[in-house]
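The task is simple: from the sequences and hints, build the whole structure.
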Amino acid sequence: MICKLFALVFAVAGFAGVAFGQLPFPQRCFDSPGGWSGHFHRIDYSSGHLTHGYMYYNRTELRILYAHEPTVDVPQYEKHWIFFNLKKSYRYYETDKTCKIEDIPSDEYFPTYGAPRGSEYVHRDRLGAYTYNLGVTTDYFRMRTETGGTYRGFYAPVTDSSGIDFNCVPVIESYENIDTIPTYQRNMHWTYMNITTFPIPSAVWDLPAACRERE
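For the sequence shown, the positions run -21 to -1, 1 to 194 when mature numbering (1 follows the signal peptide of the UniProt record, and there is no 0) is used.
Bear in mind the hints are in silico, worked out from the structure with no lab data behind them.
Just so it is clear, the structure is predicted and the values come from calculations on it, not from any experiment.
Treat the hints loosely; a few may be bogus.
[What the hints assert, rightly or not] Mimicking DSBU-like on lysine-lysine, the simulated pairs with C-alpha atoms at most 35 angstroms apart in a straight line are:
1) 76 - 66
2) 58 - 76
3) 79 - 58
4) 67 - 79
5) 79 - 66
What follows is the structure, encoded as structure tokens:
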């Protein structure tokens, strides 16, 4: 009798495991929060260039700042302000104290840093270690274009005060042979680290004199 009881328990448990294992986890990630900052690591597959640094993102005011740290490919400290509200790009070179100003194409859209248009939610995925809270559970998205391009993105949900996940921050984004707007994303791999949603100081958006004098 005891053996039959254990057999029944294991059978039920096994069936439940299979059933629950087949249930897909719902998508939690959509757009990123309206403002956040963190470190980035970027590899350009086309040119072989590697850059890393810090970035600030403000969707309310349509502004992004990339602060590039010196590397072999970027020999000097460089800041790149992208002001979509003005359709202007300001690239400031710290050593030379010079500023390069360019117009942002009218068809270039402001990034949401969430799953891109046309991508599909695949499943929940774990990146990094499972122990000691060293990893992160993400929503995984992918996209395959008609021209053979591939996109893969992993996003970590940010729980709001209601406990509902709708906002997320990027962890990994990989663009391979994708014709995107902006075009520089065609062959690019991004890794984001230490992202925080703390308020961004307003002074971050102050342009240096070399950029203001050219306006």
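Are there hints from earlier that the structure breaks, and if so, what are their numbers? Going through the list in order, the structure violates no hint and respects every one.
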